[in-house]
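We have chain A; now place chain B onto it with these hints.
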Amino acid sequence: MKGMSLIVKVIAELIKGFIILFGVYIILNGHLSPGGGFAGGVIIAASYILVTLAFGRERAMKELSERGSHLLDDIGVLSFWFIAVLGWIIAGQAFFSNFIQRFAPGSPFQILTSGIILACNIAIGIKVGSSLFAVFVALAHFEPAGEGED
Amino acid sequence: MVEFILLLLLLFMIIGALFVIEMDNLLSTAVVMGTIGFGLSVAFLFLGAPDLAIVQIVVEIISLVILIRATINRDIKEKAEESTSLVSRIPIFVIVALLFIFTYNAFQHLPPFGSPLFIGRLDAPANIYLQNGLNKTGASNIVAAIILDFRAYDTLGEATVLFTSIVGALSILRLVTRKRKEEKDK
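Taken in sequence, the protein lines are chains A and B.
For the first sequence, counting from 1, position 142 maps to 142 in the numbering used here; every step adds exactly one.
Each position in the second sequence, counted from 1, maps to that position plus 150 in the numbering used here.
Isolated chain A (complex conformation) (with noise of 0.2 Å):
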């Protein structure tokens, strides 16, 4: 049997969708209460280690493959630059000018509204949680022959 026990797999296979839901909550209202992308990103990344841990490499490799991370992981942070030279060039402004809040302003406290804060922080949820699970499963899989292989 792969993985950890009983126990662990089933807890792990109920609680893992909440955890992923927490973390884009944190993403979606990072410009309206405390959190934001990075910190969302990371809660992302650490239910997909949870799936790591508990039911071992192949499972979490067939729900977001090591490709598709360092994808996600391209994708995050081209689209940062892209929102920033958005500003720039197609605005006429400056990079990185809030050119959505100035031409379209939201209303305050809503989740629509203040501009590029929100694609920034969904751009940057996307770069740090696929590029940490990335990193745990290089340092989870990659090691010393013999030992830990799942």
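Worth double-checking, as some hints may not be accurate.
[What the hints assert, rightly or not] Covered stretches of chain B, as calculated for chain A (at least 3 residues, CB under 8 Å): (1) 156 to 168; (2) 208 to 215; (3) 263 to 272; (4) 298 to 306; (5) 309 to 323.
Derived from the structure by calculation, the hints contain no laboratory data.
Virtual Cβ for every residue (Gly too), placed ideally from N, Cα, C.
Coordinates of chain B only, in the frame set by chain A:
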């Protein structure tokens, strides 16, 4: 009251740090290092910085898991040779005494605990951010408004540093495994 709790937390963290230095077992060192991080997170919460507290506690959990996973199968009990002669410790005492004197002098010039430094200057950046943050960015969380709008360039550099370090770590780890696999094949 807050200062008293902070002093207790600082004492707790210092005791934890002393335990980290004195422990023999790597696994228990990793676990005790977690207590320092959690103490720091609670300290951030009492200082009124919930953003930092969330980031600290989450990163602490992840790093604790990674450290335990890395050290659980190893039992390295190597300790550096300690020289016990008094003469070799004189430089340490001199440095600690100098540090104490200079930091004591520096702390004399700091404003009292908890009072904002730039409250007197109306054109200081901190005051402008606090007064116009909601109008200019639309974000009710002033920390998010500062790190992703006023100071977004810093955050971009931070994200780039994280990306570069992770790419470097992954490529180095992959080289090591490839070498091990080649040795195994032979």
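How the hints compare with the structure:
no. : hint       : result
1   : 156 to 168 : violated (count 0)
2   : 208 to 215 : holds (count 5)
3   : 263 to 272 : violated (count 0)
4   : 298 to 306 : holds (count 6)
5   : 309 to 323 : holds (count 8)
Violated hints, listed in ascending order, are 1, 3; each of the other numbered hints is respected by the structure.
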